[in-house]
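K.L.:
Here is what each chain is made of, one letter per residue.
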Amino acid sequence: MRYTHRNSKNAFGSLGIFHHLLNDFFDVAQEAEKVIEKLPSFIRANVAEQDDKYLINLEMPGIDKKWLSLEIEDRVLIVSVNKPEKEDKEQFIRREFNYGASQRKFKLSKAVDTSNIEAEMKHGILQITLAKKPAFVPKDIKIK
Amino acid sequence: MNYNKENINKLFNDFLQSGIHQSMSSQFTKTSIDCNVIKLDDAYIYELAIPGLTKKDIAIKLEENHLIVNVHAEEAEIEGVKTLKKEYQYAQSSRSIPIPEMADTNSIRAAYKNGILSIQLNVMKPIKGTKGNIEIK
Chain P
954 MRYTHRNSKN AFGSLGIFHH LLNDFFDVAQ EAEKVIEKLP SFIRANVAEQ
1004 DDKYLINLEM PGIDKKWLSL EIEDRVLIVS VNKPEKEDKE QFIRREFNYG
1054 ASQRKFKLSK AVDTSNIEAE MKHGILQITL AKKPAFVPKD IKIK
Chain A
2 MNYNKENINK LFNDFLQSGI HQSMSSQFTK TSIDCNVIKL DDAYIYELAI
52 PGLTKKDIAI KLEENHLIVN VHAEEAEIEG VKTLKKEYQY AQSSRSIPIP
102 EMADTNSIRA AYKNGILSIQ LNVMKPIKGT KGNIEIK
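Those protein sequences? They're chains P and A, same order as listed. First residue of the first sequence? That's 954 in the numbering used here, and the numbers climb one at a time after it. First residue of the second sequence? That's 2 in the numbering used here, and the numbers climb one at a time after it.
Don't read these hints as lab results, they were simulated from the structure. Where hints are given, some of them may not hold.
[As the list claims (entries may be wrong)] The list that follows gives simulated cross-link-like pairs (lysine-lysine, PhoX-like), each with its CA atoms no further than 20 Å apart: (1) A:Lys-86 / A:Lys-31; (2) P:Lys-1060 / A:Lys-87; (3) P:Lys-1058 / A:Lys-31; (4) P:Lys-1063 / A:Lys-83; (5) P:Lys-1086 / A:Lys-83; (6) P:Lys-1085 / A:Lys-83; (7) A:Lys-114 / P:Lys-1036; (8) P:Lys-1036 / P:Lys-1019; (9) P:Lys-1085 / A:Lys-86; (10) A:Lys-87 / P:Lys-1075; (11) A:Lys-86 / P:Lys-1063; (12) P:Lys-1018 / P:Lys-1075; (13) A:Lys-56 / P:Lys-1075; (14) P:Lys-1075 / A:Lys-114; (15) A:Lys-114 / P:Lys-1019; (16) P:Lys-1018 / A:Lys-114; (17) A:Lys-57 / P:Lys-1075; (18) P:Lys-1036 / P:Lys-1018; (19) P:Lys-1063 / P:Lys-1085; (20) A:Lys-86 / P:Lys-1058; (21) P:Lys-1058 / A:Lys-87.
[As the list claims (entries may be wrong)] Estimated spans, in silico, between C-beta atoms of each pair: (22) A:Ala-44 / P:Glu-1071: 38 to 46 Å; (23) P:His-1076 / A:Gly-133: 50 to 58 Å; (24) P:Asp-1005 / A:Ala-77: 49 to 57 Å; (25) A:Ile-137 / P:Glu-1038: 57 to 65 Å; (26) P:Val-1029 / A:Lys-62: 43 to 51 Å; (27) A:Glu-76 / P:Thr-1067: 27 to 35 Å; (28) P:Ala-1088 / A:Ala-44: 56 to 64 Å; (29) P:Lys-1060 / A:Thr-30: 18 to 26 Å; (30) A:Thr-84 / P:Lys-1097: 25 to 33 Å.
Nothing here was measured: the structure is a model prediction, and the numbers come from that model. Glycine included, C-beta positions come from ideal geometry on N, C-alpha and C.
For reference, chain A alone in the conformation it holds in the complex (with noise of 0.2 Å):
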């Protein structure tokens, strides 16, 4: 490797965008969308930290095991705006959600509130004590 200035910054700048420093680094534009889950009794509700947005900038996809969520929010150019720091930017922006198998796709609703995408997703419950003797024909 060429030791030159710029290969020296260029590894110092990608060892400080990495592990600890970059979740805590104000240099760093944070562009993937945080997910909490919080699990009901018969329902699992996804919550998605998408702040400064509207409900038609943001679609959701059903896959066979897992949901995307994909953000596509224009980005008007304000006249006489200069940006000074960017820390966070979810204009162009996805997430891939596994959702359980005993999931009932038929039950999800989503609704987006104070930045915070939900999805609510309602679980079957396993069929609990099938008992019985099977006939041998």
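In isolation and in its complexed conformation, chain P is listed as follows (with noise of 0.2 Å):
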């Protein structure tokens, strides 16, 4: 079985539309050929700040919210995800990504409120808002 490391598929960095376009090249008769990645899809975020919050929207498509935990640990906020092995039965004879175990750590800022996190799951990203700890309001000590 040909193996062809997963990232050189983005050897055209910018041009990334364009590596598809030209790198396609499947054929039904090549099928028992073909590469199939079973490693796991990095997790990608992004991140957006917001007077009284921070949003992190991280992408997981096709990700049925049950299989998801959000743990925080030390000001450390984790993301994992657990596909169990049997919901993965179909024949893939191509695959480009893979989100069935995976996890993604974000160090939070002291600006963040830890008891204060909410997320949500839509179109399969799950958006998480972190809201900031009210803002200091310096006080006059009276001398009695």
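The task is to assemble the complex, starting from two chains supplied on their own in separate frames and drawing on the hints.
P.N.:
Shown next, in the form of structure tokens:
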């Protein structure tokens, strides 16, 4: 079985779309030789900030929320995906993404209120909302 | 080449943006669409990972021997939202998928669910066992 490094598809750098047009050449007759990648996909995240919160959007297409777990430990947010093996019984002849067993960690800044984190799954995107701690209001202290 | 700071930085950045660093790097915005292909007894299923869209953002075009999927999503600029990191962006991307010769193009069915665009295509079975003698006139 021929193995090509998963990342060789990205050799064209910023011409991302085009490398697929140039490199795709699968032919039904060559099925048996097809490369089947089982490497777990890197979960990509888009992070944004608003006045009162941070938003982390993670891509997880095809993932059911019951396979997800969100944990927080010492200011580190851990997002884990564990798709049970039996869900993956299909016969793949090409596999470019595999979000079955992946994990992503985020170190949260001191501005985040770790007791106020919400998450919602929509259209294959997990959106995590992290509220910021209310701004510190300086107080004058009276001297008796 | 001018060995100044700018060019050296560019060399390193280009290197870091290529090969093994690229797909694992969080400095890189992925705009290419990944595709899985599943083979059933008499059909192929193409799954494209394009989360965060709606049906109207996606257009599928059938060409002679491939399918072209175009994503054209409106990117609303929301007031007061500052982007800190952007590792994926599929709003203006596309993917071309070659389809086998024996595909029955009338059987294409597509659905978008949970961020995956699934396209099913039946494949005609080759006509087996046509035996018989051909008469020579």
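K.L.:
Hint check: Lys-1063 of chain P vs Lys-1085 of chain P, CA-CA at most 20 Å. Holds or violated?
P.N.:
Holds. Lys-1063 of chain P to Lys-1085 of chain P sits at ~9 Å (cutoff 20 Å).
K.L.:
Given the hinted pair Lys-1086 of chain P and Lys-83 of chain A, is their Cα-Cα distance within 20 Å?
P.N.:
Holds, because 18 Å separates the two Cα atoms, which is no more than 20 Å.
K.L.:
Ala-44 of chain A and Glu-1071 of chain P, beta-carbon distance inside 38 to 46 Å?
P.N.:
holds (40 Å)
K.L.:
Holds or violated: the 18 to 26 Å window for the beta-carbon distance between Lys-1060 of chain P and Thr-30 of chain A?
P.N.:
Given range 18 to 26 Å: holds, Cβ gap about 21 Å.
K.L.:
Is the straight-line distance between the alpha-carbon of Lys-86 of chain A and that of Lys-1063 of chain P 20 Å or less?
P.N.:
At roughly 18 Å apart (the allowed maximum being 20 Å), Lys-1063 of chain P and Lys-86 of chain A satisfy the hint.
K.L.:
Does Lys-31 of chain A sit within 20 Å of Lys-86 of chain A, going by the straight-line distance between their CA atoms?
P.N.:
holds (12 Å)
K.L.:
Can you confirm whether the C-alpha distance between Lys-114 of chain A and Lys-1036 of chain P stays at or below 20 Å?
P.N.:
At roughly 17 Å apart (the allowed maximum being 20 Å), Lys-1036 of chain P and Lys-114 of chain A satisfy the hint.
K.L.:
Are the Cα positions of Lys-1085 of chain P and Lys-86 of chain A separated by 20 Å at most?
P.N.:
holds (18 Å)
K.L.:
Does the alpha-carbon distance linking Lys-56 of chain A and Lys-1075 of chain P stay inside the 20 Å limit?
P.N.:
Holds: Lys-56 of chain A and Lys-1075 of chain P sit about 14 Å apart, inside 20 Å.
K.L.:
I want to verify a distance hint. Is the separation of the beta carbons of Thr-84 of chain A and Lys-1097 of chain P within 25 to 33 Å?
P.N.:
Hint violated: Cβ distance 50 Å, outside 25 to 33 Å.
K.L.:
How does the Cβ-Cβ distance of Ala-1088 of chain P and Ala-44 of chain A compare with 56 to 64 Å: does it lie in that range?
P.N.:
holds (58 Å)
K.L.:
With the threshold set at 20 Å, check whether the alpha-carbon distance from Lys-1075 of chain P to Lys-114 of chain A stays at or below it.
P.N.:
Measuring from Cα to Cα gives roughly 10 Å; hence the hint holds.
Consistency with the previously given hints fails for numbers 24 and 30, ordered from lowest to highest.
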